[in-house]
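*Asks:* These protein sequence lines are chains A and B, in that order.
Residue numbering for the first sequence follows our numbering, beginning at 1 and increasing consecutively.
Residue numbering for the second sequence follows our numbering, beginning at 1 and increasing consecutively.
Please keep in mind that the hints were generated in silico from the structure rather than gathered at the bench.
A few of these clues could be false.
Which copy? The list can't say, so a pair holds if one copy fits it or any two copies do.
Said to hold, decoys possible - Here are the simulated PhoX-like pairs of lysine-lysine, each with C-alpha atoms no more than 20 Å apart in a straight line:
1) Lys201 with Lys80
2) Lys80 with Lys12
3) Lys201 with Lys150
4) Lys91 with Lys150
5) Lys342 with Lys428
Protein chains: 2
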Amino acid sequence: MINWSSLSAADKASALARPAMADSAALRTTVAEILTAVESRGDEAVLEYTRRFDSAGLNTLRLPVAQRDELATRVSPQVKSAIKTAFSNIKQFHDAQYPQDIRLTTTPGVVCEQRFTALEAVGLYIPGGSAPLPSTVMMLGVPAMVAGCKRKVLCTPPNQAQEIAPEIAFAAQCCGIEEIYLCGGAQAIAAMAFGTQSIIKVDKIFGPGNSFVTEAKQQVSQRADGAAIDMPAGPSEVLVLADGNADAQFVASDLLSQAEHGPDSQAILVTDSAALINAVKEAVTEQLTHLSRNSIAARAMENARYILADSLSEAISVSNDYAPEHLIVQCDNARELLPELKHAGSIFLGPWSPESAGDYASGTNHVLPTYGYARNYSSLGLLDFMRRYTIQELSADGMRNLGPAIMQLADAEGLDAHKNAVGYRLNKLQQND
Amino acid sequence: MINWSSLSAADKASALARPAMADSAALRTTVAEILTAVESRGDEAVLEYTRRFDSAGLNTLRLPVAQRDELATRVSPQVKSAIKTAFSNIKQFHDAQYPQDIRLTTTPGVVCEQRFTALEAVGLYIPGGSAPLPSTVMMLGVPAMVAGCKRKVLCTPPNQAQEIAPEIAFAAQCCGIEEIYLCGGAQAIAAMAFGTQSIIKVDKIFGPGNSFVTEAKQQVSQRADGAAIDMPAGPSEVLVLADGNADAQFVASDLLSQAEHGPDSQAILVTDSAALINAVKEAVTEQLTHLSRNSIAARAMENARYILADSLSEAISVSNDYAPEHLIVQCDNARELLPELKHAGSIFLGPWSPESAGDYASGTNHVLPTYGYARNYSSLGLLDFMRRYTIQELSADGMRNLGPAIMQLADAEGLDAHKNAVGYRLNKLQQND
C-alpha cells in the first residue's frame, strides 16, 4: 500500500512509472531484416516466415471467402448471438460518429469546405496466440465498414491446420471482410505496408500485436513508401478510482481482468479508503486461484500498485498524472467526477461498468492509447478510418473582395509569385469590367 | 512536355516520382546529438545553439508579452488589416469544425459517449529564414485557440536584434499566444518535446520547418517521453489540372507560386491541351523575370513537369496517382469534377482560386499533407488540436441486459477474469433481486 501524500515528487513519479518498453537494438534489427526480406522477395518471404513460426505446410496466403464462410458455420449459436450483440452495439456507436462535411462562405464569394472521405485500403491486424480474438476483428472491422473503406485487408497468423479460428471467420463475415491473409508478425505488417504479389499495399495499418508487430508498425510508419498506423502502443493498463463504498470483489475482478492480458499489464487502484485496499488485496488473492491464466495474472499483479490518497480529489490528480488507458470509476458520484477526469483512453462509470463491458460489447472501441499516450492521442474511432481534405472556390467577386488582402500578405512575406497570381487575376477582372 | 499515354508504367511512375528526401545518417546523428544536449542541459544548450545559429548575444529564451505587444504596434495599418481579414476567415472556418460530443444508448441501460477535449499544451513551430511568416502563426494559432488549448507555446528563431518580426508578434497577439520563445531548429523541437527550465513540455508539436526541424519532429514523436506531431512532411507541391480554356498566365503564376517556396518544390501541370502547355511555358519564362526569388523559382521549375493527357479523365487519374498537396482545377466544370478527385490535401476550384488564396486568407489551413501523404493523412484542422475519448456507463439493468453476451465472448477468448468481472456483478444483482 502506497501512502501518496507521504511520497516525495520523485517517489510519486516512480510509483506511476511504466515498465520500460522492449526497444532493444536486436529487436529493431530483426524487424528491419524481416521488412527488407518481404520488400525484396514478397510472398515467398512471407510464406517462409509463416511456415517457420505458425503453420508448417502453408502454400498460399489467401483464405478464400468460401472457407471463411464454412469456418463461420462452426461457431456455436450462443457465441454467434453474443458476437451479433456486440457487433450491433459497436456498429451503432461508430455509426453515430459519422462526421458532417462543412461548407462555409467566409468572405462574400469565398466558399470553403471540409470533406471527409474513407481511406481506400486499410490493414487490420489480428494477433494470434492462445485464444482467438473476434472482439478485435469487430473493433477494427466495424469502423472500416462504417467509414466505407473499399479494401479491408485482415492479416492473422494461421493455426497448424492452415486455418483461422471459426470465431474470427464469423466476426470477419459480419464486418464484410473478404480479403483474409494467413500471416502474422512483422512479416504481415511488411506485406500490408509495402505490398506483395498477393497482398496489395494498404494506406493505413490498425491493430494490436506483440513487440515484433509494434516495432514493425513503427518502422513502416516512418517511411513515405510505407503506411500510416493507428497509434503507438505499449502494454495494456487499468486504473481503478474508488471510494470507500466500492465493492472490493468488483474492484479486484477489474484489476485481474487487466492482469490476465499479459505479465506486463499494469493494474493500479487509487482510493481514499485503506479498508478498501485491504479488502481488495484479499479478494485478489482469492479470485486469482480460479483463473485459468492464473500464472500470467499473478505475475502482472506483482507489479500492481495500491495507492492510498488523502482525499478523492488527490486520487483524481493521481489518475490525471498517470493518464490511464482504462479508467474505472467506482465512486458514489462517478458521473459528477467527469469534468475533473482529464486524461484517459476510455472511462467506465459506476459499479456496473467493468472493463470487460468496453472490451467486448458496450459499443466503445477497445483500441485505446496506452503508456501515457492518453494525454495526446485519441481512442480509436471512425475518424481514424477517414481522411479530411479541404476545398475552396472563389468567384470573381470573391477574388475582388479577398484579393487585396492576399496581395498585402504575400508582399509582407516577400513572395512575389503568390502576389502576382492574384494580381494577374485582378487585372483580368478589371479589363473585363 | 510528357505525352502520358506513350509512357510505360515504369516511366509513368518515374514521371510522378518525388525527389528523395534528405534522410542521411549524418542528419539523423546531428539531430540526435542536439536532442540529447537539450535533454541533458536544458536552456543552456538551447541558448548555445541559438547564439551560434541565430542571434549572437541572446541571454534569455522568453519574449515577454509586453515586448510582443510593442513589436506588434510596428506593423503597418495595411498589413494589420490584411492579417485581420485572414484571421477572421481562418477563425470562421475552424470554428465551423468544432465537433459534437456523442451520447448514445446502445442497449437498454448501456450508455456510450464520445467526447472531444482540447490538448492541454501545444507547441507551434514558426520557421525563420528570409521573410516572416505571420500566415503560419495563424494556421497553427487559430485552431489552437478555437480548440481551447490551455498552453500555446510558440518557438521561432530570433533575428540579430534578439527579437521576432513585428508581423509574427501581431499575428501571435491576434491568436492569444503569450508563451513565445526565441529559438528555432532541432533545439526548439527538443525543448518543446522534453521541456527545459524555462519551457514546460508540450503534448504535441505542429508546424513546418527545414530538414533539421522535420527530422527532430520525427525523432521526438518516436519516444514515449517526447511529443506527438502534426504529420510527416516533405517538400511542398502543386498539381494544376487544366483544360484548353484555362488562362495560361493564371496557370503559370500558380506553378511559380509553388516554385518560389524552395528549389525542391514540385510544380506539375496536367492537361489535355498541348496548346495550353506551350502557352504556359512561355508565360512561365516571362513571369520568372519579375520575381525577386527568381533563382529559387527557376531551380524548382527545372524539375517542373508538363504532362499531356489524352483526355481530362486521364488527366484526373494522373492527379489521383500523384496525390498532390495542392490541387488547382482550372477547368470549365471544375466543381463537377470533385467526385472523381480522390487524393489531395486541398483543392482550389476554378480560375479565381489561386493557391495563394488558401496559403493566406480563404480560411482553409495551409498545413497540408505533402509527398503523397494525401492518401492517408488529413489536412490540418481543428480536430488535430483535440483528443477524443470514450465513456460508458451501465446501469444495473444494462448489466443484466448485456452481461450474458460479455460472459459468452470472454469465455470464447479464454479470459476468465473478464468473465468473472461480469459474473460477480450479476450474482450481486440476483442476491439483491
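*Asks:* Could you check the structure against the hints above and give me the numbers of any it violates, in ascending order?
*Replies:* 1, 2 and 5
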